[in-house]
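Q: Sequences are here, hints too, so could you generate the full structure?
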Amino acid sequence: MPPSLIRRRIYPAPFMAGLALLYSGIHVHAADAATDTKTSKPKHHRHAAGKAAAAGKAAAHNPAKAAPAPAVAATGTTAARPLYAPPGTTSTITPTEENLTVVGSPMNILHQDIGLSRMPQDVMHTPQTVNVVPQVLMEQQNVKSLDEALRNVPGITAAVGEGEGGMSGDQFLIRGFQAQNDIYEDGLRDYGVYSRDSFDYDHISVIKGPSSEVFGNGTTGGAINMVTKMPHLGNSYSGQFSGGSADYYRGTLDVNQQIGESTAIRIAGMGNENDEVGRDDVYSHRWGIAPSIAFGLGKPTTLTIEYFHQTDNRIPDYGVPLLTKPGTTIARPATEFGVNRNNWYGTQYDQDDSNVDMLSAHLKHEFNSHITFYDDLRGGMYQRYFSASWEGCNATCNAAYFGNDPASALVDRRGHLGGPEPYQQNDWSVQNVASAIAKFNTGMLKHKIIAGWDVAHVYDRRTNYAYNYNGLNGTQTDTTGLVNPTNFVPGLLLGNVGQYSSNLVNISGVGRALHKTGVATDVGAFFSDQVWFAPWFSARAGFRWDHWDSHYSANEGMVGTGVSYGQNQDTYNPTVNLMYTPNDDTMVYFNWAQSTTPLGLYVTNSSEPLRATNEGYAPERSSLYEIGAKYNAFHGRMGFTVSAFRLEKGNSLLTDPTTGDVTPSSDRQRNQGFELSASGEILKNWNVIATYAYYDAKTIASATAADVGKRIQYAPKNSATFWSTYTIAPATPWNVTFGGGLTWRQSVWLDPANTAKVPDTVEWDAMISHSFLKHWKVAMNGYNLANRLNYSNLFSDRVTPSTGRAFLFNISATY
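Numbered by mature numbering (1 follows the signal peptide of the UniProt record, and there is no 0), the letters in the sequence shown go through residues -30 to -1, 1 to 785 in order.
Check before you lean on any hint, since a few could be wrong.
Result set (DSS-like, lysine-lysine): computed pairs, CA atoms no more than 25 Å apart in a straight line [said to hold, decoys possible]:
id	residue 1	residue 2
1	K727	K654
2	K409	K295
3	K418	K269
4	K295	K727
5	K668	K687
6	K668	K744
7	K295	K680
8	K747	K654
9	K680	K727
Between beta-carbon pairs, the in silico distance windows are [claimed, not checked]:
id	residue 1	residue 2	range
10	A614	L759	30 to 36 Å
11	G468	F307	40 to 46 Å
12	Y696	N312	34 to 40 Å
13	V678	L415	45 to 51 Å
14	N553	F410	52 to 58 Å
15	V493	G461	49 to 55 Å
16	A614	N312	38 to 44 Å
17	A377	V425	18 to 24 Å
18	F560	A495	23 to 29 Å
None of these hints come from the bench; they were simulated from the model.
These numbers come from a predicted model, not from an experiment.
Virtual Cβ for every residue (Gly too), placed ideally from N, Cα, C.
A: Spelled out as structure tokens, the structure:
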């Protein structure tokens, strides 16, 4: 029997669990204090069991203009993975005392590292648009997930998947282009389909534009890289508990302990339980833990081993359908016409239950001051049971709502393809990236070469389940009221494995399959050389070759022996950069880069699109042209960036949301515009981070003549974020920090024909905090203070209302 047949909600005192973890982590008076975080949870437990995690302090770095040096945390400790340290910070560490003098601001994103060995420089010296969500910003906003963190980045929108399969989890678009397969953690691809909690994040980098020379296939709009918390020399202990609107309870813990001269362990944990403000019957109960150990800190050879686990049981929310008011031609969310924003159109079987386990190893060896070797290895296992209702309002439903009896309007919860059908997903992946950095001179020229290989394999296995009505074969329309929906469907049954096979969703070119299997192997090699022709001018050229081999099969059910398709392609992706750096605080650059996206790239996080008619299709091809400048001002306190770009995508592949068929459109799409950012400390105790993006995104060629000249779906013309805080009387008993900000996204089109639209998103948030007893802090956050009806996840025929007005109280301690 599928695990979703019984939906349970369990509430075992999250408040006490959070406080217990808080006190266990922070009442430590000696370096050898022990902490026991062992816990257990029965299968399908609905409550985020008592694991906790906390945000650690934001790290500052040693100034090292020439060679890489270990990064230095704000407490004077050494980070596990040495990175290139940005200018502007000095530190002195002695056996008897620690002193840290910071020139700059942790809010200045130009000081941040990208977080992967293949891009060892900081944001300041990266010739590409890079947005960073620093740890200090996530702490001030009390960020709890990757999705929440990325709301600080203009040009990113969330989508809920498309085609058969109904993928949920984290599905992002960057500059209007799919990026669900472009999510990385510490430079390695995260293949899982799940909603990522942020308890183990140090900071998040978003690299805008095609970057296949670094990351491999994909990255049309860019790549998202989460940099995790790593062990460091010295001891630190922190914990926090949050509670607030919609029964929100959350406890986190972050403990770092030095062992011996050059070894340290770190444990981050989290327990979270919440409903959703402004949405009925939607909740998330999750817990996670991330222990890690580092050897050789401060030595030429450093090895860090980390494990990550997250369990999440949530109710998927596919939002509200779109309606077209009579006399108009543009479809808009039903909630814009009076439908209750709280309405949820799911059934008693809807569930998204995921378990993620990843084991990673990061090795760095400095042979000498000229050559450094890196090796990053990860294995992941991802288990997921997913069942969601996919509501749609057809012409009859639309007419009924705007007629004399709106209550008679019925939405179809089976949606496209008669599904999505429930399925159990069992995946695994392994990836190894080995790279080396070599610095040397040839005559008067200085070189920095980065070269290596990248080998990855991913396996996806899905077992599909079928619905049935009253034990009789044959599908039946599953409807509920648009105005007053009910989530219980009398007579609706969910079969066991292989039961009701004739009711499985019929996929074009596949049939009614019980099992679907996707497998892909990618072997890549990359090389780049940066040459300094003068101290103030350098050029970098690089390329990457990938051999992509993917296969898809479907069998059993009503397809008999099944079908099998495959794709085998070689791709080449070059890049060229020109950099003018008259001093350490200024860079002007030009960037040209290309990327390719094979048809079968999305193995785990989309319905596998391979068919007999399309397995020979050429990949999508994208090109980026960008010029920009970056400037560190006021002794590194403030950082400013400006860039103008043109992104072109050819040979676009289109997925029909009704049939799931993928066809070559020969469409050419273009997004051009500019982006601005300012971050850091304006005046003493006054911090700010602000971004703005303007996109002129259009279809410039298409076999569908009516689409030419139309805006690209999901790409806003204007978007901006702003956050600012000010501290009154710091380091005094009466200190107080207050701040707030704005997130704005202009209206976007939801389809290529520009016949469906979602209005502007405007959200005002605020915070206030007070520190006391040297180590403790209390804070209050308010979200969407105007209680505006905004929309988060977007799709071509439905959107999900964002969280309504909410408040969250937080108490934390750091030792």
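Q: Taking 25 Å as the top limit, are the C-alpha atoms of K295 and K680 close enough?
A: holds (22 Å)
Q: The hint says 18 to 24 Å between A377 and V425; measuring C-beta to C-beta, is that right?
A: violated (58 Å)
Q: Hinted pair, alpha-carbon criterion (25 Å max): K418, K269. Please report holds or violated.
A: holds (22 Å)
Q: Going straight from one Cα to the other, do K295 and K727 come out at no more than 25 Å?
A: Measuring from Cα to Cα gives roughly 13 Å; hence the hint holds.
Q: Do the beta carbons of V493 and G461 sit within 49 to 55 Å of each other?
A: Holds, since V493 and G461 (Cβ atoms, about 51 Å apart) stay within the stated range.
Q: Take a look at whether the Cβ-Cβ distance between G468 and F307 falls inside 40 to 46 Å.
A: holds (43 Å)
Q: For the hint 52 to 58 Å, verify it against the beta carbon of N553 and that of F410.
A: Hint violated: Cβ distance 24 Å, outside 52 to 58 Å.
Q: Take a quick look at whether K668 and K744 sit within 25 Å of each other, Cα to Cα.
A: Violated: K668 and K744 sit about 54 Å apart, past 25 Å.
Q: Given the hint of 34 to 40 Å, check if Y696 and N312 actually sit that far apart at their C-beta atoms.
A: Cβ of Y696 to Cβ of N312: about 36 Å, so the range 34 to 40 Å holds.
Q: Straight-line Cα separation of K680 and K727 no greater than 25 Å?
A: holds (13 Å)
Q: Is the Cα-Cα distance between K668 and K687 25 Å or less?
A: holds (10 Å)
Q: If you check the beta carbons of F560 and A495, does the distance land in 23 to 29 Å?
A: Between F560 and A495, where Cβ atoms are some 25 Å apart, the hint holds.
In summary, the structure is inconsistent with hints 1, 2, 6, 14, 17 from the numbered list given earlier, while agreeing with the others.
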